[in-house]
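Undergrad: Quick mapping for you: the protein sequence lines, in order, are chains Z and V. By the UniProt record's numbering, the letter at position 60 of the first sequence is numbered 60, and the numbering carries on one by one without gaps. By the UniProt record's numbering, the letter at position 60 of the second sequence is numbered 60, and the numbering carries on one by one without gaps.
The reader is advised that the hints may include incorrect statements.
Which copy? The list can't say, so a pair holds if one copy fits it or any two copies do.
[Unchecked claim] Here are the simulated lysine-lysine pairs, DSBU-like style, with alpha carbons at most 30 Å apart:
#, residue 1, residue 2
1, K19, K53
2, K35, K19
3, K35, K89
4, K53, K89
5, K35, K92
6, K53, K92
7, K53, K35
Bear in mind the hints are in silico, worked out from the structure with no lab data behind them.
Protein chains: 2
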Amino acid sequence: MSYFERHIFFCLNERESGKNSCAQHDAQAGFDHCKSRVRELGLADVGGVRVNKAGCLHRCAGGPVAVVYPDAIWYSYVDNSDIDEIVDKHLKNGQVVERLVLPDDVGL
Amino acid sequence: MSYFERHIFFCLNERESGKNSCAQHDAQAGFDHCKSRVRELGLADVGGVRVNKAGCLHRCAGGPVAVVYPDAIWYSYVDNSDIDEIVDKHLKNGQVVERLVLPDDVGL
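Could you put the whole structure together from the sequences, leaning on the hints where they help?
TA: If you want it as structure tokens, here you go:
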């Protein structure tokens, strides 16, 4: 069994090259909103949900991105309503939010 | 299928409280060594291994810690030989390094 039932990692990286990166797309705000909502819903706990900062997740072209483990589902989000949907459907209930899933061919 | 076959996250966090945290135990060196070795072995690729920086993983008492997903296996390591064993056995070959696994009751 996983220590956290679902563990989401948000890339907060900024690339010095000026190429597309998550930090340019306000990834910090997405992380902050996710963390707050997970706490509000009482999901943040061992055996529950953990919202984590991460460095570059190597899929910068799709930024801002986040990945949910152990499910290994990758998301690209735009605003707080996207984050709310990921929290309410996936992190809380295990339903993948298909419309936000990052296509397999999106990399650096 | 997981975008990365194995995705390891190293906590690099330092707690301001002075309580035990991964950064106090040279987590940066563990991360750097793992990243180098994975590259040397040619494992770093889509469909392969990704070595990632992370913020606090919420299991500070066992620091320095790292977690391998999607396997959801948590490790506490001491030195580069521990990292080598995690890379060679687990990241490359999928064998869990039992002697380094973090006990379930180790938290903050």
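Undergrad: Next, verify each hint and record whether it holds.
TA: So, going through the hints one by one against the coordinates:
Both within a single protomer and between protomers do K19 and K53 lie at most 30 Å apart by alpha-carbon distance, with minima of 21 Å and 20 Å respectively. In this homomeric assembly, K35 and K19 come within 30 Å of each other (Cα to Cα) both inside a single copy, at 27 Å, and across copies, at 22 Å. In the homo-oligomer, the alpha carbons of K35 and K89 lie at most 30 Å apart inside one protomer (15 Å), although the nearest pairing across protomers, at 34 Å, exceeds that limit. Taking the shortest alpha-carbon separations for K53 and K89, both the intra-copy value of 21 Å and the inter-copy value of 27 Å come in at or below 30 Å.
For a Cα distance limit of 30 Å, the shortest separation of K35 from K92 inside one copy, 13 Å, qualifies, whereas the shortest one across copies, 33 Å, does not. Taking identical chains as interchangeable, the C-alpha atoms of K53 and K92 lie at most 30 Å apart whether they share a chain (19 Å) or sit on different chains (25 Å). Taking the closest pair of Cα atoms, K53 and K35 come within 30 Å of each other both inside a single copy (10 Å) and across two copies (18 Å).
In the structure shown, no violation is registered for any of the earlier numbered hints.
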